[in-house]
Amino acid sequence: MMSVSENLLGNVFGIYLARATDEEILKRKVASGGAVTALLAYALEKGLIDGVVTAKRTEGLEGQAVVARTREELLETAGNKWSIVPFASRMKAKIEEEDLKNVAVVCLPCQAQFFGQMRDFPLLESDFGERIKYIVSLFCIGTFAFEAFLNYLRMKHGIMAQDIKDIVLKGDFLEIYHGDSVLSLPIKEVYSYLQAGCLVCTDYTGTWSDISAGFVESERGWTVLITRNLKAEELVKSAEKDGYIELRDGSHVMGEVLKAAREKLARAQKNMMYLL
Amino acid sequence: MIMEKLKVLHVDVGGCEGCNVSIIRAYPKLMDLIELDISYLRKDECKLDEYDVAIITGGACMNEPRILEELKEIREKAHTVVAFGSCATFSGILRFCRGGQEPRPDHRNFQPINSVIKVDYSIPGCPPTPQMLQSFFKFYINGDERRLRLFKVSADIKKLSGFDLIDDIVLTGLCIGCGACELSCPTNAIKLIDKRPNLVQEKCIRCGTCYIRCPRASQILSMGGAR
Numbered sequence: 228m229m230s231v232s233e234n235l236l237g238n239v240f241g242i243y244l245a246r247a248t249d250e251e252i253l254k255r256k257v258a259s260g261g262a263v264t265a266l267l268a269y270a271l272e273k274g275l276i277d278g279v280v281t282a283k284r285t286e287g288l289e290g291q292a293v294v295a296r297t298r299e300e301l302l303e304t305a306g307n308k309w310s311i312v313p314f315a316s317r318m319k320a321k322i323e324e325e326d327l328k329n330v331a332v333v334c335l336p337c338q339a340q341f342f343g344q345m346r347d348f349p350l351l352e353s354d355f356g357e358r359i360k361y362i363v364s365l366f367c368i369g370t371f372a373f374e375a376f377l378n379y380l381r382m383k384h385g386i387m388a389q390d391i392k393d394i395v396l397k398g399d400f401l402e403i404y405h406g407d408s409v410l411s412l413p414i415k416e417v418y419s420y421l422q423a424g425c426l427v428c429t430d431y432t433g434t435w436s437d438i439s440a441g442f443v444e445s446e447r448g449w450t451v452l453i454t455r456n457l458k459a460e461e462l463v464k465s466a467e468k469d470g471y472i473e474l475r476d477g478s479h480v481m482g483e484v485l486k487a488a489r490e491k492l493a494r495a496q497k498n499m500m501y502l503l
Numbered sequence: 344m345i346m347e348k349l350k351v352l353h354v355d356v357g358g359c360e361g362c363n364v365s366i367i368r369a370y371p372k373l374m375d376l377i378e379l380d381i382s383y384l385r386k387d388e389c390k391l392d393e394y395d396v397a398i399i400t401g402g403a404c405m406n407e408p409r410i411l412e413e414l415k416e417i418r419e420k421a422h423t424v425v426a427f428g429s430c431a432t433f434s435g436i437l438r439f440c441r442g443g444q445e446p447r448p449d450h451r452n453f454q455p456i457n458s459v460i461k462v463d464y465s466i467p468g469c470p471p472t473p474q475m476l477q478s479f480f481k482f483y484i485n486g487d488e489r490r491l492r493l494f495k496v497s498a499d500i501k502k503l504s505g506f507d508l509i510d511d512i513v514l515t516g517l518c519i520g521c522g523a524c525e526l527s528c529p530t531n532a533i534k535l536i537d538k539r540p541n542l543v544q545e546k547c548i549r550c551g552t553c554y555i556r557c558p559r560a561s562q563i564l565s566m567g568g569a570r
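Going down the list, the sequences are from chains G and E.
FYI, the numbering for the first sequence is 228 to 503, going by the working numbering.
FYI, the numbering for the second sequence is 344 to 570, going by the working numbering.
A portion of the hints provided could be inaccurate.
[Unchecked claim] Derived DSS-like pairs (lysine-lysine); straight-line CA-CA distance at most 30 Å:
| # | chain 1 | residue 1 | chain 2 | residue 2 |
| --- | --- | --- | --- | --- |
| 1 | E | Lys495 | E | Lys546 |
| 2 | E | Lys386 | G | Lys319 |
| 3 | G | Lys283 | E | Lys538 |
| 4 | E | Lys534 | G | Lys328 |
| 5 | G | Lys397 | G | Lys319 |
| 6 | G | Lys458 | E | Lys372 |
| 7 | G | Lys397 | G | Lys464 |
| 8 | G | Lys458 | G | Lys360 |
| 9 | E | Lys538 | G | Lys392 |
The set of hints was computed from the structure by calculation and includes no laboratory data.
So that you can see chain G by itself, here it is in the shape it has in the complex (with noise of 0.2 Å):
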């Protein structure tokens, strides 16, 4: 019998809060402390692994697949991802093509479940999960059906996709960083522009990853990191012992975020009332 915590957060083996040293990738963080792309320019420039495959923002919420091999290209990929990209056909491109034998892949919870279940289930000779070293998922409240949103965003509030540089959530607010100016919006407002999939989703924090990594209200401008193994909770603390992340005990945090992924569970249950 599963607890109700473990259920909600998957195997927890150790959870901290964590803050990137470098005055550079602090500078192009909004929302959290860096953690995520210290942790991996540390893994990189260790040669713990070869390449880092994630999503980059190209244009209004847009995504594509990149890889990046150093820190400066890690660096140009930060920020928080609102789309969802054929992420998973085009990853296997990115690794093949690159001929990348150890990869970090940053992903959303959905993502991570399926790698995760490659890695630990490789049902078909071409499932490349030996290739795959570490997979880090983001807390996610969702996705944006984009297109949706994006003329949500011009018809009611003008703003055009191109214009859009960040959005960030604060508390129950969107912010939608355009032009000069911000826009704050309700969460429960722009809730209906979710992809369907995404609101009878149960999993917030990404069970299946070896790092879940997000953020809370209470420590803002830290990162919440979510060790799942020990290969994971080995990469957080030599990472912290070599000057790369400041790390701190996050148990104090655990209750909020366990409250996020039991209102993302709740969501779940009741969208799949009327859509199941």
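Mind docking chain E on chain G? Use the hints.
Coordinates of chain E only, in the frame set by chain G:
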């Protein structure tokens, strides 16, 4: 402490041998954990009266009472029954059998193993890789129920295919366009068009891999709800 090896029986009730080859390929790395009784390595009848795990490959031909009896015997002998490969789990390509076809015109109807006996774990794939079987035993021996949940739930499902993926996930609007299905299809029956999977029906061999690999579908499945 020296762990006693699991006694494992393999029985094939009628398939293409792809799964059998996969099991044989997996065996060298499993020898420390299991003792495998497989038809390739013995003369005739199976060696023991009791087994910890029985791996069954191939679909059950409903026109062959002998096969149905054999399955029931295995169920009595084995503590845990694993249906391995798409034919055993969801009947796979054998679903297209309609009698009058060579080499066995008498074979008219195949069903998955769980139509005949209770199955504990279903592992689809056409065929599943040797690494999959090694993974399975790793988690099984460690008693890692969480990791095996998806296969446990699948053991009660008789049919999963690209058709079901389209019906349950795409047409309901739950697809998020991640492309996991496209990557998982062994016959390239699925192509993402406008960020949603499109199924070339003639190519789908009903192996169920796409469904099991779809994050949305597998999440809903492992939450425990019956389909």
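Which numbered hints turn out to be false for this structure?
Violated: hints 2 and 5.
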